[in-house]
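Colleague: Starting from the known structure of chain A, arrange chain B on it as the hints suggest.
If you read the protein sequences in the order shown, they are chains A and B. For the first sequence, the numbering used here begins at 7 and goes up steadily by one. For the second sequence, the numbering used here begins at 225 and goes up steadily by one.
Careful: at least some of the hints might be erroneous.
[To be verified] Which residues of chain A face chain B? A few of them, derived with a C-beta cut under 8 angstroms, are:
#1 Arg34
#2 Leu94
#3 Lys107
#4 Leu108
#5 Ile109
#6 Gly111
#7 Gln112
These are calculated hints, taken from the structure and not from any lab test. Note that the structure is predicted; figures quoted are calculated from it, not measured. Where a beta carbon is used, it is the ideal one built from N, C-alpha and C, also for glycine.
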Amino acid sequence: QKEVEQNSGPLSVPEGAIASLNCTYSDRVSQSFFWYRQYSGKSPELIMSIYSNGDKEDGRFTAQLNKASQYVSLLIRDSQPSDSATYLCAVNNHRGNQGGKLIFGQGTELSVKP
Amino acid sequence: GAVVSQHPSRVICKSGTSVKIECRSLDFQATTMFWYRQFPKQSLMLMATSNEGSKATYEQGVEKDKFLINHASLTLSTLTVTSAHPEDSSFYICSAREVEGYEKLFFGSGTQLSVL
Chain A
7 QKEVEQNSGP
17 LSVPEGAIAS
27 LNCTYSDRVS
37 QSFFWYRQYS
47 GKSPELIMSI
57 YSNGDKEDGR
67 FTAQLNKASQ
77 YVSLLIRDSQ
87 PSDSATYLCA
97 VNNHRGNQGG
107 KLIFGQGTEL
117 SVKP
Chain B
225 GAVVSQHPSR
235 VICKSGTSVK
245 IECRSLDFQA
255 TTMFWYRQFP
265 KQSLMLMATS
275 NEGSKATYEQ
285 GVEKDKFLIN
295 HASLTLSTLT
305 VTSAHPEDSS
315 FYICSAREVE
325 GYEKLFFGSG
335 TQLSVL
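For reference, chain B alone in the conformation it holds in the complex:
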């Protein structure tokens, strides 16, 4: 199956700093990538839909100025958590949809963010 690479896998940062998470589709082109957040024992909550070359579409309640998404190419999307606070600590997962595939999503390995 298609491979989606997500980095870093784990990051610990101080409150107030910004953290960038990268999501790359390694062997296919992804016009659409999705960013999810998952708190312990809870489901994946969709944060935003990222389309190559256009602005991301954010879900209700997600602050677009805090969670900056850039999808500059067909193989790379980034999520930047700006001025992170302890309540932003969570498991962040990206997923990508193939350009010509069915609507199957391929998930990255996730990033565990811990804000001290």
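Isolated chain A (complex conformation):
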């Protein structure tokens, strides 16, 4: 079983729709969760971080975390063509600035059609 799993996609949504990206992880002690966006040929950029159960909203993005189900998701409202990219879920089992390493899922390719 992979440590962090995502559907590779591609996930295609029309412009203006809500895109829903999902991620599951295997290590129950994981405490920090991140969503990164990566455009082709570029390095990842951080979109959201979430550390406690529930929802966290930032603009058009909402991250959802359910530690009991070992599940984290990212919702993108009012999707735009510029949101088309690969979204990487990353998990860190250490909290704070000591130790830990990010483990990435394989990424979900999102395509927003005009």
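Modeller: Just chain B, lined up with the frame of chain A:
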């Protein structure tokens, strides 16, 4: 946000040569840097964790004698791919963690290595 500079952005080399990639944190001190490798359509795979002033910690399956990592200062880590072969062709990305920051990582722009 913090800036991590990675050079070169692209390198093409002949099989058997060695290639050095630099990763610098420009406006913060990074006690820990991470080196990732990414093949097309695949995720970032952690290769090693580099700690300033000590030996790097390599992930299982990564040859430490082939991928030499040096982290001599709080702002610079280097990855040297020794005796590169075509199968080493990949996108290499470094990331750095701030000394006093939360565990957010800041990524370099990546290096596309092509070995002929």
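Colleague: Tell me, in ascending order, the numbers of any earlier hints that this structure violates.
Modeller: Per hint list: single violation, 1.
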